[in-house]
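Protein chains: 2
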Amino acid sequence: MPDNVHVIAHPLIKHKLTYMRKKDTSTSSFRALLQEISMLMAYEVTRDLPLASINIETPLAPMEAPVLDGKKIVLVSILRAGNGLLDGMLRIIPSARVGHIGLYRDHETLQPVEYYFKVPGEMSDRNVVVVDPMLATGNSAVAAITRIKDTQPKS
Amino acid sequence: MPDNVHVIAHPLIKHKLTYMRKKDTSTSSFRALLQEISMLMAYEVTRDLPLASINIETPLAPMEAPVLDGKKIVLVSILRAGNGLLDGMLRIIPSARVGHIGLYRDHETLQPVEYYFKVPGEMSDRNVVVVDPMLATGNSAVAAITRIKDTQPKS
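Line by line, the protein sequences give chains A and B. Counting along the first sequence from 1, when you hit position 14 you're at 14 in this note's numbering, and nothing is skipped either side. Counting along the second sequence from 1, when you hit position 47 you're at 47 in this note's numbering, and nothing is skipped either side.
Keep in mind that a hint or two might mislead.
Derived pair list, reagent style DSBU-like, types lysine-lysine, alpha-carbon separation capped at 35 Å [as the list claims (entries may be wrong)]: (1) 71(A) - 118(B); (2) 23(A) - 154(B); (3) 72(B) - 23(A); (4) 71(B) - 14(A); (5) 72(B) - 14(A); (6) 14(A) - 72(A); (7) 14(B) - 72(B); (8) 71(B) - 23(A); (9) 14(B) - 154(B); (10) 14(A) - 118(B); (11) 149(A) - 14(A); (12) 14(A) - 23(B); (13) 154(B) - 72(A); (14) 22(B) - 72(A); (15) 72(B) - 149(B); (16) 22(A) - 71(B); (17) 71(B) - 23(B); (18) 71(A) - 154(B); (19) 71(A) - 149(A); (20) 23(A) - 71(A); (21) 118(A) - 154(B); (22) 154(B) - 72(B); (23) 23(B) - 154(A); (24) 71(B) - 154(B).
Reference listing, derived: stretches of chain B covered by chain A, where coverage requires no fewer than 3 residues with Cβ under 8 Å from a Cβ of chain A [said to hold, decoys possible]: (25) 8-16; (26) 32-40; (27) 63-75; (28) 91-97.
The hints are simulated quantities; they were obtained by calculation from the structure and are not laboratory data. Just so you know, even glycine gets a beta-carbon here, dropped at the ideal spot from N, CA and C.
Could you build all of it, start to finish, from the sequences and the hints given here?
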């Protein structure tokens, strides 16, 4: 497996995935489990975000304290399946900005066609996380990422 | 620092802690940030939970799939401050069982006095996580953990 593919082997994620896979899991439980898994994934995805220092005033004294560097992170959801993951991640990072990409596959050319694209401004100072729960050929994911790279985000 | 003390240096936790420390953070934001930090801590705390295998039926086929081993994990909150952490952790592990320990310090003897103790049954087959956001002398935490050890939990 290539180095830049990271499989999250956390026991809680495995456990919840098992229950999502079960045939007799209700739609409501499935959604709740997906949200819980997304919250756990948010931990891994944001593990290496760079920090900067600011001066703050606490109830006791002034101090220098760490905050995330740069402008707010962007979570870009590939419509529509990405939205299930997006919800859970926003529970952990409620101040994140959000973008959406809509793509479908043209039945004749088999190429992905973009029907929607919306991301926040000032992308050059933002880190982007693309959320999509499904890969088949990976064509849509590649198209989405290429399109986001055109906006020249920080990473 | 001893080996069995684990400091979580995740950038999102550091960032949120900075905002919790700020003097002008509202009570409502403080509570929300505490819940978000608790959700992130739940990831670290459950990282090494042991798994077992069960057979499940998916919509496509039967398969062998991983689930958490043993009976449901117990989150034990030290009253009352532990409850803030408990809420966030239950968002990630909603099926966890819950216990509570109430302790106060006797002003004359300076010893911790237990006024409440309630944990689920079958502790010998359960892993326990004690949640408490504050350490001063650590006397109450030690008393709480000693008391839980008396119930002979799995870990």
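Against the structure, the hints come out as follows:
{"no.": "1", "hint": "71(A) - 118(B)", "verdict": "46 Å, violated"}
{"no.": "2", "hint": "23(A) - 154(B)", "verdict": "31 Å, holds"}
{"no.": "3", "hint": "72(B) - 23(A)", "verdict": "22 Å, holds"}
{"no.": "4", "hint": "71(B) - 14(A)", "verdict": "16 Å, holds"}
{"no.": "5", "hint": "72(B) - 14(A)", "verdict": "15 Å, holds"}
{"no.": "6", "hint": "14(A) - 72(A)", "verdict": "30 Å, holds"}
{"no.": "7", "hint": "14(B) - 72(B)", "verdict": "30 Å, holds"}
{"no.": "8", "hint": "71(B) - 23(A)", "verdict": "23 Å, holds"}
{"no.": "9", "hint": "14(B) - 154(B)", "verdict": "32 Å, holds"}
{"no.": "10", "hint": "14(A) - 118(B)", "verdict": "30 Å, holds"}
{"no.": "11", "hint": "149(A) - 14(A)", "verdict": "32 Å, holds"}
{"no.": "12", "hint": "14(A) - 23(B)", "verdict": "40 Å, violated"}
{"no.": "13", "hint": "154(B) - 72(A)", "verdict": "42 Å, violated"}
{"no.": "14", "hint": "22(B) - 72(A)", "verdict": "19 Å, holds"}
{"no.": "15", "hint": "72(B) - 149(B)", "verdict": "17 Å, holds"}
{"no.": "16", "hint": "22(A) - 71(B)", "verdict": "20 Å, holds"}
{"no.": "17", "hint": "71(B) - 23(B)", "verdict": "42 Å, violated"}
{"no.": "18", "hint": "71(A) - 154(B)", "verdict": "45 Å, violated"}
{"no.": "19", "hint": "71(A) - 149(A)", "verdict": "17 Å, holds"}
{"no.": "20", "hint": "23(A) - 71(A)", "verdict": "42 Å, violated"}
{"no.": "21", "hint": "118(A) - 154(B)", "verdict": "50 Å, violated"}
{"no.": "22", "hint": "154(B) - 72(B)", "verdict": "11 Å, holds"}
{"no.": "23", "hint": "23(B) - 154(A)", "verdict": "31 Å, holds"}
{"no.": "24", "hint": "71(B) - 154(B)", "verdict": "10 Å, holds"}
{"no.": "25", "hint": "8-16", "verdict": "holds (count 5)"}
{"no.": "26", "hint": "32-40", "verdict": "holds (count 4)"}
{"no.": "27", "hint": "63-75", "verdict": "holds (count 5)"}
{"no.": "28", "hint": "91-97", "verdict": "holds (count 4)"}
Violated hints, listed in ascending order, are 1, 12, 13, 17, 18, 20, 21; each of the other numbered hints is respected by the structure.
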